[in-house]
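Enquirer: Construct the entire structure; sequences and hints are all you get.
If you're matching them up, the sequences are chains B and Z in order. The numbers in my numbering rise by one with no breaks, and the one at position 112 of the first sequence is 112. Converting from the second sequence to my numbering requires adding 564 to each position, the first position being numbered 1.
To be clear, the hints were calculated from the coordinates, so they are not data collected in a lab. All the pointers check out, no bait thrown in.
Straight line, CA to CA, 20 Å or less: simulated PhoX-like cross-link-like pairs of lysine-lysine: (1) LYS400/B x LYS652/Z; (2) LYS558/B x LYS635/Z; (3) LYS35/B x LYS558/B; (4) LYS652/Z x LYS301/B.
Far from chain Z by the CB rule (all over 10 Å, computed), these chain B residues: (5) SER34; (6) TRP57; (7) ASP106; (8) VAL135; (9) PHE138; (10) PRO154; (11) THR312; (12) LEU497; (13) GLY525.
By construction, the Cβ of each residue, glycine as well, lies at the ideal position given by its N, Cα and C atoms.
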Amino acid sequence: MTTTPLTARAPRARRPSLLNLKVTALRHTLGRASKPGLAFLALLGIVLVWGEVYGVWRALTFLGTFGDIGVGVFARVLEIGLITLSSGVTFSATTAAISTLYLSDDLNFLLTQPLPTWRVFALKVAETFVNAALVPVFLTVPLLLTVAAYFHAPAWAYAVMILADVMVFAAPVGLGALLAVGLMRVAPVGRVREVSTALGVLLSAGLVYAIRALRPEVLVQKMQDPTKFEALLRDFAGPTSPLLPPSWAAQGIWQAAHGHLATPLLPLVVLTAGLLLAATFLASKAYQEGWARALDSSTPKLDPTPKRARPTERLLARLGPGGSLASKDLRVTLRDPTQWSQLLVVVALAGVYLVSVKAVPIPIPQFRGILGYIQLAFQGFIISGIAVRLAFPSVSTEAKSYWLLRTAPIDPRQIVLSKFLGVLPVTLTVGLVMGVASAKSMSLGPTLLLLSVLVSVSNAFVITALGVGLGAAAPKFDADNPAEIGVSAGGLAFMGLSLAYSVLCLLLLAKPAAGSVLRPDLYPGLSALGTLEGVLGLIGLGLATVFGTWLSLRTGWKRLDGLE
Amino acid sequence: MIEVSHYTKRYGKHEAVSDLSFSVQPGAVFGLLGSNGAGKTTTIRALVGLTRPTTGTVRVQDYDVWKEPVKAKAAFGYIPDRPYLYGKLTARELLRFVGQLYKVDGADAEIDRWLEFFRLSDFGNELIETYSHGMRQKVAIISALLPDPAVLIVDEPMVGLDPHAARQVRELFRAHADRGRTVLLTTHSLPLAEAVCDRIVVLDRGKVLGEGTMDDLRARTGTEAGGVHGDSLERIFFRLIEEEQEEETRRREAAQSA
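Expert: And the structure:
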């Protein structure tokens, strides 16, 4: 056999770009997405950004009338905001990192290609950032740009502020990746995912608790004493947590807005780069091995004795196909660390909120009442945070096994209702506990206590239905990992709509609530609810709850039915 | 029984299946054959309610799959080409779930029997995520057969199965049809189709090239006298494809000369 020698050297192949691969996939996804859906999402985004820009500008203008101290207060609020948001990212970064770094479907392909491990790892860390920190970045960038515009910052400051913002969220992602690689390397084989996820959640909870231990409510307490108020403002204008990375970011951002490049940005850059480099270094040693360990399952026991249905399964099966589905979902949730870890996050979120509310002493009844009513909107935000983890992905977590339901004699309506009824007990319990406990701890009157209960119930029903409905209308069965599901276009639309619903609930009953708080002499007991505004507000809340729930679920099952 | 009537499926301008009609009577094993992209899986997906026909109807046991989906789905069992199953359930739990959805009486005993049949009894309490591809395929086959459906719809059934299991499955399909039930299967395995199918449709690029029993197809393609591969289905299959390609060339030349 003869071979023909090559006369010309073939052009050298370009090194493949993994990021480019993902961007191409994203472009295809957007190209095939529903255009009206994208338009709606864009509109929702524009409204939210406009509201944020308008609110920040108004706040700066108002506080600016108090001079440097007033503007300094805004700087501290910005710092507290960044601390809170980065705590949230820290909380979910480890579980998101485990899901993205170790459970992604494309790892089977990527880690068997002739690619350096660190490149695959870097891609997955970038995905973890998108999954865990994209929403906070989107939320803060318009705010920072408004601050820059307000202070007529130079052009370079805009880039510095955005960079500082990205780094303040990249640091916890780097920490999460570092923890994930370490935990997956040392956890016992066969239970690697379970043990790593549990430890990751505990470590993150510990970190968030440490930040909570800074007790910001002490500051609020001082605000009640007029003699200390001026001193407080002065103190408040200066940084109080000089060792926290978000404080460095806040100072760097603030100084940049005023045209100065601040030194606190240096430790932030060093920390973020250090964490990411340390994670990459550790990954180059242990990533591939950790992934292989994650694939190993526990040793089979090979017990031929048939295990029959337990009483809970038998009980739920009596309710028909929907009950059987609920029983299956419960079992899968409790066995899947990426799902049960979300329950821990839910409990921790509600716990941190309740501790915070309980620790705020407000002696003036009117102020307490108004704050007690407004905080119901924050409870709605927390229910949204729970629903985006439990309700929205409930249909998508069927993943590629969905064919089994789709070809079985079960109606899409039964699927959606079963998912809704499976999540509702969690959101309803958390909502009611938060509503009643916060109302009691703030010693609210009977009208506000009742409204707390009603708004909590309404939030739980509508937000859960919105989550399940939109999740069924735009399911993501082919997500590379579970952490991706909530940051899809549907997930972002859900967050926007549920936040809007929380505010709508407050607006519907604002009149009777204000009457009972500001004029308790005119509206004793529950009498504020008997006024025309009260009755109309209650009817409005009832209608919004019924129609919001029904329309959300109906949209879900109709779209699921038409899905191909 | 299965009735596919003037079924067409378009994706934008691309026509995946064009005006396909056939029916499968009880007691028959019907094979849907064709090259990659011929439209076999698209047809199966319409029959099991995973893809809506652009035009035409698909009926199972006299129920229109898209108008009375729950009744139609209660009448068939489906074995997909890729056995994605809930990894966090054991085989017994998954099969119990299927038994509950299809309201199977005495499901526990049936599940034990099927697991024993496929030599999976020892693994019945293990999570499916620990199973090999072949074991998952066996569980998918059991889940389709557990309700003893009047119609069995199968997409590439032999992928991942060992020779012993492949023979068992072949015999199962034949026995299922012999008990008066209907079996429709798509396959690339010509020996399998030849061994179990009573009637066959050969598809290519969404169009029917030939339909009938093996004898009908032999007569149609003139392969009775034998050839390189004798009168095997393989010979018939390639002859039909060649005929279609010759026809396509003739059409193109006629269009060019016009």
